[in-house]
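Since the structure of chain L is already known, use the hints to place chains C and A on it.
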Amino acid sequence: MENFTEVLQLFLATENFLAIAIGVVIGVTVGSIPGLTATMAVALALPFTFSMEPVAAILLLVGIYKGGMYGGSITAILIRTPGSPASACTLLDGYPMAQQGEAKKALKMALYSSVIADFISNIALIFFAAYLAKIALNFGAPEFFWLICFSLTIIISLASGSMIKGLIAALLGILLSLVGLDSVFGSQRLTFGNYNLMDSISFIPLLIGLFAIPEIIEFYRKKVVPHLTAKASGAGVSWAELKHSLKSIIRGSLIGVAIGAIPGTGATAAAFISYSDAKRRSPHPERFGKGEVEGVAASEAGNNGVAGATLIPLLSLGIPGDVITAIILGAFMVHGLTPGPLMFQENLTLIYALFLGIMLSSVILLFVGNAAIRYFSLIADIPKAILFPIVLMFCVYGAYAVNNDTFDVWLMLAFGLLGYVFNRTGIPAAPFLIGFILGPMFEDNLRRSLLIGSNDLSIFMRGPITWFFIALTVGSILLALYRFMTSRHKAKRRADDPGKGA
Amino acid sequence: MKTFLKALSAATCGGAVAMALSVSTAHAEEWPTDDVRLVVPYAPGGTTDVLSRRVADLLQDEIDANVIVENRPGAGSTVATGRLARGGRDADHTILMASPGHTIGAAIYPNLAYDPVEDFVFIQNMIDIPNVMVVPADSPYNSVLEFVEAAKEQNMTFSHSGVGSSIHMSGELFKTLTQTNMTAVPFAGSGAALPALLGGDVDVSFENMPTVFSHIQSGDLKALAVTSAERSEYLPEVPTLKEIGEHNLDQFVTTAWFGLIAHESFPEEATETMQEALNKVMEREEFLSFVEQLGAEPGTVAGDEFKAFIADEVARWDKVAAEAGIRQE
Amino acid sequence: MTKSRSTGGTLIKDPWDVVAGAVLLGFSLLLLFYLVPNYIGEPPILQNPMMSPRWLPTIVGWLLLVFSLLMMIQGVLVADDGEDSGRRFERGPWLRFALMALALVVYVGLFEMLGAIISGILATLILFIAHPVRVWWVYGLAIAFPVGVSLLFTEVMNVPLPMMPL
Numbered sequence: 001m002e003n004f005t006e007v008l009q010l011f012l013a014t015e016n017f018l019a020i021a022i023g024v025v026i027g028v029t030v031g032s033i034p035g036l037t038a039t040m041a042v043a044l045a046l047p048f049t050f051s052m053e054p055v056a057a058i059l060l061l062v063g064i065y066k067g068g069m070y071g072g073s074i075t076a077i078l079i080r081t082p083g084s085p086a087s088a089c090t091l092l093d094g095y096p097m098a099q100q101g102e103a104k105k106a107l108k109m110a111l112y113s114s115v116i117a118d119f120i121s122n123i124a125l126i127f128f129a130a131y132l133a134k135i136a137l138n139f140g141a142p143e144f145f146w147l148i149c150f151s152l153t154i155i156i157s158l159a160s161g162s163m164i165k166g167l168i169a170a171l172l173g174i175l176l177s178l179v180g181l182d183s184v185f186g187s188q189r190l191t192f193g194n195y196n197l198m199d200s201i202s203f204i205p206l207l208i209g210l211f212a213i214p215e216i217i218e219f220y221r222k223k224v225v226p227h228l229t230a231k232a233s234g235a236g237v238s239w240a241e242l243k244h245s246l247k248s249i250i251r252g253s254l255i256g257v258a259i260g261a262i263p264g265t266g267a268t269a270a271a272f273i274s275y276s277d278a279k280r281r282s283p284h285p286e287r288f289g290k291g292e293v294e295g296v297a298a299s300e301a302g303n304n305g306v307a308g309a310t311l312i313p314l315l316s317l318g319i320p321g322d323v324i325t326a327i328i329l330g331a332f333m334v335h336g337l338t339p340g341p342l343m344f345q346e347n348l349t350l351i352y353a354l355f356l357g358i359m360l361s362s363v364i365l366l367f368v369g370n371a372a373i374r375y376f377s378l379i380a381d382i383p384k385a386i387l388f389p390i391v392l393m394f395c396v397y398g399a400y401a402v403n404n405d406t407f408d409v410w411l412m413l414a415f416g417l418l419g420y421v422f423n424r425t426g427i428p429a430a431p432f433l434i435g436f437i438l439g440p441m442f443e444d445n446l447r448r449s450l451l452i453g454s455n456d457l458s459i460f461m462r463g464p465i466t467w468f469f470i471a472l473t474v475g476s477i478l479l480a481l482y483r484f485m486t487s488r489h490k491a492k493r494r495a496d497d498p499g500k501g502a
Numbered sequence: 001m002k003t004f005l006k007a008l009s010a011a012t013c014g015g016a017v018a019m020a021l022s023v024s025t026a027h028a029e030e031w032p033t034d035d036v037r038l039v040v041p042y043a044p045g046g047t048t049d050v051l052s053r054r055v056a057d058l059l060q061d062e063i064d065a066n067v068i069v070e071n072r073p074g075a076g077s078t079v080a081t082g083r084l085a086r087g088g089r090d091a092d093h094t095i096l097m098a099s100p101g102h103t104i105g106a107a108i109y110p111n112l113a114y115d116p117v118e119d120f121v122f123i124q125n126m127i128d129i130p131n132v133m134v135v136p137a138d139s140p141y142n143s144v145l146e147f148v149e150a151a152k153e154q155n156m157t158f159s160h161s162g163v164g165s166s167i168h169m170s171g172e173l174f175k176t177l178t179q180t181n182m183t184a185v186p187f188a189g190s191g192a193a194l195p196a197l198l199g200g201d202v203d204v205s206f207e208n209m210p211t212v213f214s215h216i217q218s219g220d221l222k223a224l225a226v227t228s229a230e231r232s233e234y235l236p237e238v239p240t241l242k243e244i245g246e247h248n249l250d251q252f253v254t255t256a257w258f259g260l261i262a263h264e265s266f267p268e269e270a271t272e273t274m275q276e277a278l279n280k281v282m283e284r285e286e287f288l289s290f291v292e293q294l295g296a297e298p299g300t301v302a303g304d305e306f307k308a309f310i311a312d313e314v315a316r317w318d319k320v321a322a323e324a325g326i327r328q329e
Numbered sequence: 001m002t003k004s005r006s007t008g009g010t011l012i013k014d015p016w017d018v019v020a021g022a023v024l025l026g027f028s029l030l031l032l033f034y035l036v037p038n039y040i041g042e043p044p045i046l047q048n049p050m051m052s053p054r055w056l057p058t059i060v061g062w063l064l065l066v067f068s069l070l071m072m073i074q075g076v077l078v079a080d081d082g083e084d085s086g087r088r089f090e091r092g093p094w095l096r097f098a099l100m101a102l103a104l105v106v107y108v109g110l111f112e113m114l115g116a117i118i119s120g121i122l123a124t125l126i127l128f129i130a131h132p133v134r135v136w137w138v139y140g141l142a143i144a145f146p147v148g149v150s151l152l153f154t155e156v157m158n159v160p161l162p163m164m165p166l
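Keeping their order, the protein sequence lines are chains L, C and A. All residue numbers for the first sequence refer to the working numbering, where the first residue is 1 and numbers rise by one. All residue numbers for the second sequence refer to the working numbering, where the first residue is 1 and numbers rise by one. All residue numbers for the third sequence refer to the working numbering, where the first residue is 1 and numbers rise by one.
Rather than coming from a laboratory, the hints here were simulated on the basis of the structure. Note that the structure is predicted; figures quoted are calculated from it, not measured. Hints may be right or wrong, so weigh each one.
[To be verified] Lysine-lysine pairs mimicking BS3-like chemistry, simulated, CA-CA at most 25 Å apart:
(1) C:Lys242 x C:Lys307
(2) C:Lys222 x L:Lys134
(3) L:Lys384 x L:Lys223
(4) C:Lys242 x C:Lys222
(5) C:Lys319 x C:Lys152
(6) L:Lys384 x A:Lys13
[As the list claims (entries may be wrong)] Going by beta-carbon spacing under 10 Å, a handful of chain L positions derived as facing chain C:
(7) Phe50
(8) Gly180
(9) Phe185
Backbone N, C-alpha and C define an ideal beta-carbon position, used for all residues, glycine too.
So that you can see chain L by itself, here it is in the shape it has in the complex (with noise of 0.2 Å):
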């Protein structure tokens, strides 16, 4: 019990709860602005934490942390600008949804999502670190290798129209995430000696290009349309549709939980599973890409379950997840803290503060979220002819911010007439970028076994897990086959439509 005033006392501190509420609302409005990240976010607040208590200083970037992954879901929906990598997903029912004039609806139920989700990965954290964390030394490169196959099996799920076409798109986005220095030899891969291009291509001009600029460019080329104003964007979120969606939010959750306990796959990866799953659980899988709310609801869920979630390997393993983690380890370094197994012995009162701490960010973003919408989701209301220009303001700016280089602004708009291409041809985004995030985790974790297997190929079937995810992906491709042959079937019926289930 007197660990409990402890701990009361080390959290009941007015600097906590200013921590938290900043952190969100940095968060949120960080995330938001295409081009900055919740990542830089959390970096330049690392200096402002030095002088303060130790707790407060973690609660501020976790805040960040959670209030970015939030954030990035609103430009997302609003106007087709995924703010932060993770949201990407968002994007592909919200911003449709914003068409329709429910964009209000779709800030919403994104919002409620990631509070649910956000909770749900914060208990994962407090009661079962120790359990996933054993779970996710278990995950070496095999294992990891049959994950990311599984992951590639939801491209199929995810292309709407043609399979050929959604095949396609992931093929360029492997290829496109292949140029780089080789992982192993460090050899160079389609760089044509440009330095720009040994890192691989950047993510974040990729992404604004891919999404934001076709829109803008189309806008240019089309004949004037009415705009669509449901002044201040229609109505929220009914107690019945969040009902309806519960389900996919929980099991995107702990998607998100289990993607963000094992370090290294990432918040943009669990969105999209998350997002496929709900889409072939759901009665009516054609309403997805189009403004369906479960789908925003979804790939939210599935985002924001991995920001508690990521904690649990850095506080009970000390091993950062991500690059934010990276950075709220060195939060921990100045001072004078190593996460780790032994901080839990050592500064346990320090660690139940903390978690006290991420339970209330999720209260807070509730709030902060809610009195954000009522302000951003007015921007639907702006006509596109005075936002685009100042969205692509955004967009160039943040492309450069990056990396400070002018190139990734060539980059992102050969990526926009890239995206403007695809929308013309038919070919869908979404598997680009799914290839483009999982082709050099596939490459690498395939060649990892191979390097630790010393070339034995039976290291892919080396335990539970592989077999697991084994089972996962050999389903997953017979259940789509199984889709693709009904429908296929129905299609044949109708005689006079032969275009369907192609």
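Positioned in the frame of chain L, the structure of chains C and A alone reads:
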């Protein structure tokens, strides 16, 4: 719209305040006459970034200027370094936190447009972090010699955080010196590499001290040796590779160093001012406790000594890179 | 937007797909026989072909080749169902499109030379004119935003942008 404008006005005010501050702190004639830019050649996160932000924060108190940290990642630090080498308007107020990427990068990247030694002024080495040769807790090897004997018979794997990292190159150096069979297994950063080591998927690693220190303390990893010239005060019972001596290991001395460099046109007066200020920074309690947390030692070399050290490092990694076949012609 | 075009009678049902497939086919051939052998270095000794830096690019190349052929066949046989593509629309005036292209050129070509603020103002003004904005005060935004956002980036966020004309 309203929030946007609000944010905007807040931003403009913030900007104005920041500019006002920078004006008031700048003196007219003595260096620094402007804000000092500290370039971090890597993306946010990671030792270089955190260290730079810590140093920048402390350095502001010692010199009459703001110190602004800028990340310019790319091609293992060579993009930022190449830019620094080109000079330009702000060259007299730009410093860069160099690290082993500076010397190793020069060895493995083809056609660099700069000379890693002659094109720069070497101000001060800030910290040295030893690498630790670690094996999983259940590894059958309890000493370096046992390990080397076994590695002559069978193939061993070592994990590293990316091609050209000091961890990778230490492994390659070990392999070359001891003439053993070792395969490098690349990971995307130390964070990803650590589980493979803890889980026993790889046999050994030459990780940076801060990454593995807590795992050594908790008994999840066994430290066989440290790579620095002297034993580390944090792991006093662990021998150095140099003192083991056999199998050419006496030549194995390397640390991950982090130091400040500038363009060759950096004024001499500025170098002196900086060195003075940095020496004060390095005596500060905040700095020392941070260094301790990293398991590092404060840097000792500055100026010409620092330059000579860099020249040796460049030559050494050049050789290792050529022998390991990781240089691109 | 449902099916908006008659499919009967024509030999090729979706010419766009055939063209796109042909371009991709050409690209995959270029990749396989020129780019991969010339621009991907391969170490002299390899224990396993799967370890080669060329392995995955080559596989991707062949798959791309197969799928681009399939796409061409699909284009010949199957009509576009028009659901997910935004390819049919009424074209606006060409001048508007040209002005937008000009704005992009301003950003890409002059960003470093003119600095973020001036190129931002210039491009935004061009775009406002391209798709005429008739409310006069909006043009004020074309100045306020680039200035405000540049300052936000450089002063508050410490993210450098090229500021002044060199």
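Are any of the numbered hints broken by this structure? If so, which, sorted upward? Of the numbered hints given earlier, the structure breaks just one, which is hint 6.
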